[in-house]
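> Can you build the whole structure from these sequences, using the hints too?
All letters in the sequence shown, in the order written, are residues -18 to -1, 1 to 86 by mature numbering (1 follows the signal peptide of the UniProt record, and there is no 0).
Please keep in mind that the hints were generated in silico from the structure rather than gathered at the bench.
Mixed in with the good hints there might be a few duds.
Said to hold, decoys possible - Calculated pairs, DSS-like style, for lysine-lysine (alpha carbon to alpha carbon, straight line, at most 30 Å):
hint	residue 1	residue 2
1	Lys30	Lys(-7)
2	Lys53	Lys85
3	Lys43	Lys53
4	Lys36	Lys53
5	Lys43	Lys30
6	Lys53	Lys34
Nothing here was measured: the structure is a model prediction, and the numbers come from that model.
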Amino acid sequence: MFWTELMLFLYKFPFVRSLTASYPSLLPRAFSTHTLRMSEEPFRPREKLVEKQKLFQSIHKHTYLKGPYDKITSVAIPVALAATSLYMIGRGIYNLSHGIGKKE
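Structure (structure tokens):
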């Protein structure tokens, strides 16, 4: 496991790649260059990614409001939290000023 990870790291450098291509005996037996290729397909095709990228770049809104549900997470939830906290602060000030809930 260690040697494979080490070779994967070192294989990023061009001189190591050319050296192992010239001298394949330097590679451990369990390691071969075909393991460095992509083993699975990407999650989305490139065409769909480019299409989404063009869509998002064409929208003239702030970045945090571009998605379909971003108004809920970026606007509605913070406004609800602020309103709730202001209500609770106001109720606490009212209770303090009128002596409600005071322990004797």
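> Each hint: holds or not?
Each hint tested on the structure:
1. Lys30 x Lys(-7): Holds. Lys30 to Lys(-7) sits at ~29 Å (cutoff 30 Å).
2. Lys53 x Lys85: violated, 44 Å
3. Lys43 x Lys53: The hint holds at about 11 Å.
4. Lys36 x Lys53: Since the Cα atoms of Lys36 and Lys53 sit roughly 20 Å apart, the hinted pair holds (cutoff 30 Å).
5. Lys43 x Lys30: With Cα atoms ~21 Å apart, Lys43 and Lys30 stay inside 30 Å; holds.
6. Lys53 x Lys34: holds, 19 Å
The structure fails hint 2 only (numbered hints given earlier).
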